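Whenever a hint applies, use it, and build me the whole structure from the sequences.
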Amino acid sequence: MAKSSTHLTDDQFISGLKANNNEILNALYKKYYHLVLKLVVNNSGNSDLAQDLYQETIIAVYENVQKPQFQLNCQLQTYIYSIAKRLWLKQLKKNGNTYLFKEEEENDLVDVTEDVGFHLEKENNILKMNTSLGLLGEPCKTLIQDFYVNKKSMDEIAEKFGYTNADNAKTQKYKCLQRLKKYFFEKEIELNE
Amino acid sequence: MRPVDLFDAYLKNELANEQRNAFEERLNNDLTFKTAFEQHKSLIDTLQSSEQNAQLKANLKAIHASEFGNDGKIIALHPKGNFFQHYGKTIAVAACTALVVMLVSFSWINQQKATNGEITELKRDVEVLKQTNDVIVGEIVKTNTKLNYAPASFEGSAFALNNNGYVITSYHMVKGADSVLIENDKLNRTLTTVVYTDANLDLAVLRVADIIKVKDWQVPFTLSNKSAEIGEKVFTLGYPRKDMVYGEGSLSSLTGFTNDTTMYQISIPINPGNSGGPLLDEQANVIGVIRGKNKVAEGTGFAVKATQLISCINTFAKNTNQTDLVINPGKKSNIKGLKRTEQIKKANPYVFNVLIYSSAK
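Chains as they are written, first to last, in the numbering used here: chain A, 1 to 193; chain F, 1001 to 1361.
Everything labelled a hint here was simulated from the structure, so no lab data went into it.
Check the hints yourself; a few may be wrong.
When the alpha-carbon atoms are kept at most 30 angstroms apart in a straight line, the in silico DSS-like pairs for lysine-lysine are as follows [stated by the list, open to error]:
hint : chain 1 : residue 1 : chain 2 : residue 2
1    : F       : Lys1213   : F       : Lys1332
2    : F       : Lys1057   : A       : Lys181
3    : F       : Lys1012   : A       : Lys152
4    : A       : Lys141    : F       : Lys1213
5    : A       : Lys152    : F       : Lys1213
6    : F       : Lys1057   : F       : Lys1012
7    : A       : Lys175    : F       : Lys1012
In this text the structure is predicted, and so the values were computed from the model without any measurement.
What follows is the structure, given as structure tokens:
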């Protein structure tokens, strides 16, 4: 078990996350899973729910770490535990459970209201985006993703989608994008909050 | 050029310096233009982070599967409310503990002078044993295609309390644990929740988290409220290593370490990993839980008396309305008349290896 990754410092974890280092993400995931597992299982959850919650927690941490102004003002463990607890309480509340929260006294907490808020807003936007892309349908969806996410050139796109030239493809992309904007910003999309 | 194309070119850093400056100046002066640009940018950002998010999610799932396996991937069939009843009842626990603290400290104060030598708790440090295990099973591991789990922080023994999925082990093992799993030949590693602990009796009651796994349980033994006698033949089952080990001996004293009246002294060879295992009498009634051994005197083991555990668990169960935890002390073992080998065969599925995972050093 004495792999070098277990001796990473908090700073190394943070810079690894910033740099999208998969090995460090793996080590981080391994290190704190049982902390969150215990939190969930001791408070009306099971291991499946714990896995979901832990993954959301890591995503929230990841998103916050990407912020240029991010600074860790406590131990990483405290930060992760605090976010996990906040997210789990939210979920329990959503299910309408009121009960006494049982936890280990040795787990410190830190105020993560802003960080969790940041994550939830992001999550909400992503949900809205996925719904909008669904409404947009094909071939618009793939066309938009190819251009903005996969960074394909207009020539490549024209060839893939069978448009006569890049300008034509560009016009198509423009039309698709206008529709996406309409769905994303103007139309109120019903979300299952 | 459409504004959108201009926005894209700017975001992709494709504008020449001159155009770029002009673009930024317009952002500063033209509010409508600026709003349109920001809207566009936030749309593209969300588009990109949505893809990133999906990738990260898939990545984490893969990490989880490779590090922890998909153990117990059974869809929860139990009614939702089931888990919500068992927790947060600290008051009852505190009250029960307080009572025991009083009793124990009385006897402790009275008998402190007899102290000589410490008690060794017999949880098995996996790190230490790993080396020897590696040598023995080295060849097998290479060809084993089964999922490899991360090694537990340490391991010990446990046994089933009743058919409702409750399991007893030692408190000193689960203390500070992040998660507690049990396993044996019949039961794949299974997550449990710690329902109740009592530090003074070194007692921990666990419950199998997934109730489906215990639906066929027919626990053959029960905790006995009958006080055992000196000289009685006793035996224990436990996991000082990965396979169950039988140990036999006799009850040597009705008091334990430093004359502690909550414990028996026994003469059974016990080793690290035996902690939390059951101590059974000739009729296979559980009369105690293995607690530890004397550091200096060989062959002196200690077990917490079942009579003590029954009263504490029943008080807790009553105070928290957990009727499925109440122990009926009059009940006799179902395997009392059998030969020892048969008794062990029947008891085997209900004695577990406990795996403790803890991030604390």
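A quick look at each hint next to the structure:
{"no.": "1", "hint": "F:Lys1213 - F:Lys1332", "in the structure": "25 angstroms, holds"}
{"no.": "2", "hint": "F:Lys1057 - A:Lys181", "in the structure": "26 angstroms, holds"}
{"no.": "3", "hint": "F:Lys1012 - A:Lys152", "in the structure": "12 angstroms, holds"}
{"no.": "4", "hint": "A:Lys141 - F:Lys1213", "in the structure": "45 angstroms, violated"}
{"no.": "5", "hint": "A:Lys152 - F:Lys1213", "in the structure": "51 angstroms, violated"}
{"no.": "6", "hint": "F:Lys1057 - F:Lys1012", "in the structure": "27 angstroms, holds"}
{"no.": "7", "hint": "A:Lys175 - F:Lys1012", "in the structure": "20 angstroms, holds"}
Comparing the model with each numbered hint stated earlier shows that hints 4, 5 do not hold.
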